[in-house]
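Visitor: Numbering (the working numbering), first residue to last: 168 to 353.
Calculated directly from the structure, the hints in this document are not laboratory data.
Honestly, I wouldn't trust all of these hints.
Straight-line alpha carbon distances no greater than 20 angstroms define the calculated DMTMM-like cross-link-like pairs of lysine to aspartate or glutamate that follow [unchecked claim]:
(1) K246 <-> D309
(2) K246 <-> D258
(3) K310 <-> D258
(4) K310 <-> D335
(5) K254 <-> D213
(6) K254 <-> D311
(7) K246 <-> D286
(8) K246 <-> E227
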Amino acid sequence: MATILSVSGSPSATSRTARLLRHLDGRLGQQGHDVTPLDVRTLPADALLGADFRHPAIVEATALFARADAVVIGTPVYKAAYSGLLKSLLDLLPQYALTGKTVLPLATGGTTAHVLAIDYALRPVLMSMGAAHIVQGWFTLDKDITVGPDGALSVAPAAAEALTAVTDRFSAAVGGRTPVLPVPVG
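Build out the structure end to end from the sequences listed, making use of the hints.
Guide: The structure is reproduced here in structure tokens:
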């Protein structure tokens, strides 16, 4: 099975984007993949903003990308583009950090007006970084992602079904087994 790096580009500690990614990580793990989460917000701001390529945390993040067979990139959409936090990390990675990798882009946002952010803002950057294959991504509306008082994630049924299909296609693209697993409904 594949080694997958799951990257959240959300700056928020209570991010629905990150929670959604961790939820999908679980599904990928059930399909036999080794998934490593990376929340960009946990990297030192001074290293990201100061473009400190040699900072140990940036060196380790770069190594995570190098070791991964595939990458899931999740971001909230702000001003019709991916987050500045994600951009700051992508800018510090080697130019061809995604060479040979299959990538799944995911985005969350408050309005369907931002649905094309994946194809017009994020996909070109991922392509320029050498991604071998960028599978069909998915945009999920914030209103379809609910976090309960206990921290449990709930995804609206139609969104959950779509995310399951996208995640399973990505898993198949990177060589995962795709057993019939129940669609997460919450």
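Visitor: Look at each hint and say if it fits the structure.
Guide: Hints and how they fare:
Distance hint between K246 and D309 is fulfilled; the C-alpha atoms sit about 15 angstroms from each other, no more than 20 angstroms. The straight-line distance between the Cα atoms of K246 and D258 is roughly 19 angstroms, inside the 20 angstroms bound, and the hint therefore holds. Of the pairs offered as hints, the one joining K310 and D258 is violated, with about 30 angstroms between alpha carbons and a cut-off of 20 angstroms exceeded. Of the supplied pair hints, the one linking K310 and D335 is violated, its CA atoms being roughly 23 angstroms apart against a limit of 20 angstroms.
Note on K254 and D213: the hinted pairing holds, with a Cα-Cα distance of about 15 angstroms set against a maximum of 20 angstroms. A distance of roughly 25 angstroms separates the Cα atoms of K254 and D311; the hinted pair therefore is violated under the 20 angstroms criterion. A threshold of 20 angstroms between alpha carbons decides the hint, and for K246 with D286 the separation of about 15 angstroms falls inside it, so the pair holds. Restraint check for K246 and E227: not satisfied, since their Cα atoms lie roughly 30 angstroms apart, outside the 20 angstroms limit.
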